[in-house]
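Residue strings, one per chain:
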Amino acid sequence: MLTNKVSGKRKLYIWCMRSLMWIATILTGGLVLFFILYVLIRGIPNITWEFFSTKPSYLSGQIGILPDILNTLYIILATLILVIPLGVGAAIYLTEYASNKRMVTLIEYAAETLSGIPSIIYGLVGMLFFCQFLNMKTSLLAGAFTLVIMNLPTIMRTTQESLKTVPQSYREGAFGLGAGKWRVIRTVVLPGCVDGVITGCILSIGRILGESAALLFTAGFAHALNGLFRGLNSPGATLTVALYVYAKEQGEFGIAFAIAAILMILALTINLATMVVSKYFQRRKNL
Amino acid sequence: MKNKKRLFETIIHGIFLLLGLITVGFVLLITIYLVISGIPAIRTIGLFPFLFGTTWESTAAEPSYGILPFILTSVYGTAGAMVLGVPIGFLTAVYLAKIANPKVKAVMEQAVSMLAGIPSVVYGLVGMLTLVPGIRKLFNVPDGASLFAAIIVLAIMVLPSIIKVSMTALEAVPKEYEDASLALGATPIETYFRVSVPAARSGIAAAVVLGVGRAIGEAMAVMMVSGNVPNMPSLFQSVRFLTTAVASEMSYSSGLQQQALFSIALVLFLFIMLINVILNFFLKGDKEK
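Protein chains in written order, with this note's numbering: chain A, 1 to 287; chain B, 1 to 289.
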């Protein structure tokens, strides 16, 4: 038998590598399981309806996270509204217009650079540029603008990928019928990138939910209960920033864990949504 | 009529060109702002005392602004995270890309993206309440908030990028390479480690560099577990990273102290740019092959 010729030394090597791989994989899986269970077990008992539906009050000494939830929603909304046109436009330029190869390389390099910059630097530049130079003060809107720069590469990339799957023959067909470039983009290209934009939005929402360093100095950490427009112009903490403030500055670990559990559930949902959406679009494309 | 249409198309073209160039504009904006706001403090303090000074006492009566402790902490912390994270991530990636059955692979892939989706403050919070007291008891040190705690948290945080990028590289290795090796009598595991891994090496290197970028730029999680005292780095002492140096004093600083914080951000930015260049080198090498 051929297999008998594997020498003892080789057997040892194979055995070692196999066990090391097992250990590494189990460790990774175990870590994920530990994180999810630990946060949920310590967090969920602290979540009550009051906690969800009120704002913090020093008078009664209770803490509620409704303002933080609303702030998070406002900031997600504002960021997406601003970033989608920019990201989609940039992607359309790259796939439909750009004929100069150098230009494409330059833009793609810039996008890569943006996605590598740490969020603390975004926070700093956002504070200098939006809060001070453009005089927005510390506000949710300044935070949203900072997040626009952060999330632009994500939306751009996902849109670009979905545009690449629009068959060239569709465009040629439309041109052949006498449509101008803009008409082709409006009627053929844009409908084709909806899936990319949706995937990009989900990814961006996940990133915004998890962001803290970029928001700490641009959006601040107030817990006031505001409507959308007043909220955008005043400082406010998102859930993640609130978690940080409660845990690090105030030592309120119960509340921090409750927020962490909520964030964890949201992160799970977003992962699930990404998977479902990409499967749905794949199936539709294959039809 | 035709001219009007052409004009319209040109305008649209111009608008899209502007949108395309906006990323370039943002990069320029960030670079220019960091350079302009980072240079004055370096001028006042002097480049050498700033980069190589070993004491940071920004609030003392006679303040001294030496950021060598932060630079070294960031470098050691990142290196430590890599020493722990790379083997685990790499071995997991090989297992998932080559050996695991599809079901295990699907579940683990979800688990890894979950790990990537956990906000950094949650890592910090869990680290604060499990790692920090754990280290204090286990190693019998006065405070567990230390470089060691930060290294462990960072190692966990870089796992997803290392696993994902390495897996993509390993899966792209042509099947013929592996078949040839198997046909010559190598066992599957020997094939994966001696043929597939070397073939995917530039992708794996890119994964490691990406992880380095993640680790060196992380602020909040590290802030919560590293104790945040500007000591020279030592494994079981409270330390401050480049990122946390910026974050911890930003809210109350002014004047030269604030300018020095901008200079720290500039140094961090230069580190990141250097990592970007290295990353591009590996990715480009991959494409040319």
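I should point out that these hints are in silico values taken from the structure, not numbers from a laboratory. Any given hint could be a false lead.
To be verified - With a straight-line cut-off of 20 Å between C-alpha atoms, the simulated SDA-like cross-links for lysine to any residue are:
hint	chain 1	residue 1	chain 2	residue 2
1	B	Lys164	A	Ser115
2	B	Lys164	A	Lys9
3	B	Lys103	A	Asn271
4	A	Lys9	B	Ser181
5	B	Lys164	A	Lys137
6	B	Lys5	A	Gly176
7	A	Lys137	B	Ile189
8	B	Lys164	A	Leu272
9	A	Lys101	B	Lys105
10	B	Lys105	A	Ala273
11	A	Lys279	B	Val107
12	A	Lys11	B	Ile189
13	A	Lys164	B	Leu17
14	A	Lys101	B	Lys5
15	A	Lys101	A	Glu161
Said to hold, decoys possible - If you want the footprint, here are the derived chain B segments under chain A, 3+ residues with CB under 8 Å:
hint	stretch
16	20 to 32
17	183 to 197
Said to hold, decoys possible - Listed next, with one range per pair, are the computed distances between beta-carbon atoms:
hint	chain 1	residue 1	chain 2	residue 2	range
18	B	Pro174	A	Gly251	47 to 57 Å
19	B	Ser234	A	Trp22	27 to 37 Å
20	A	Thr187	B	Gly25	46 to 56 Å
21	A	Phe34	B	Phe8	55 to 65 Å
Every residue, glycine too, gets a C-beta built ideally from N, C-alpha and C.
Open item on the list: For a quick check of understanding: which of the numbered hints are violated here, in increasing order?
Closed with: Result: hints 2, 5, 7, 9, 14, 20 break, sorted rising.
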